[in-house]
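Student: Sequence:
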Amino acid sequence: MADIRPLIEEYPVTADSVELFRKFTGRPNCFFLDSGMDPEKLGRYSFIGSDPFLNLKSFGETTEVTFQGQLSKENGNPLDILNRHLERYRIDDDERMLPCAGGAVGYISYDIGRFIETLPCTAVNDLNLPECRFGFYDVVITIDNLTKKTYIVSTGFPEQDESLRMKRAMERLHEIKTILD
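FYI, my numbering numbers position 174 of the sequence shown as 180, with every residue one higher than the one before it.
Incorrect hints may have been included.
[Claimed, not checked] Have a look at the derived ranges for each label pair, beta carbon to beta carbon: (1) V130 x E168: 40 to 50 Å; (2) R28 x I122: 20 to 30 Å; (3) P34 x L135: 16 to 26 Å; (4) K173 x K47: 35 to 45 Å; (5) E123 x P18: 44 to 54 Å; (6) R28 x N89: 31 to 41 Å; (7) T20 x R90: 35 to 45 Å; (8) D98 x E16: 39 to 49 Å; (9) L77 x P18: 31 to 41 Å.
Rather than coming from a laboratory, the hints here were simulated on the basis of the structure. Glycine residues also receive a C-beta, built at the ideal position from the N, C-alpha and C atoms.
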């Protein structure tokens, strides 16, 4: 596999992370992973994203995958299905990069444990929530709470061809800059 690295651009902002997130709250599947801890220890970075190119959610052995607006269903272990998609959109590990260069954001419920070990299924799904849900994000805004710098990180996924991926990465980077302005 070729080296896959995202575009990273420092973006000058005067707003705090909460104000930045407000610009994305009307967008699909937005997230805000804010660190309220000491920036010199575990609280250095916060992350904002929206508009995932792929959504994955599982109910039992059925996993719904929505990719670019098209819904498909896959049967089997949802963790295996999640891992397959994670492998497809892998970024090269580079210690010089920011800690989040895009990827999957979501949750795995306690009930997924029955795919790892034999457990009785006694829970009642009275809320009709997926047992596993992830959005795959090609652009992430990274806020360095220690240096007070903000970065836009754009991978260009889901494109796999290098030139198409870089073109999409640039387009998405400009789209996010427009939202932030």
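Student: Tell me the hint numbers this structure goes against, listed in increasing order.
Tutor: Of the numbered hints given earlier, those the structure breaks are 2, 8, listed in rising order.
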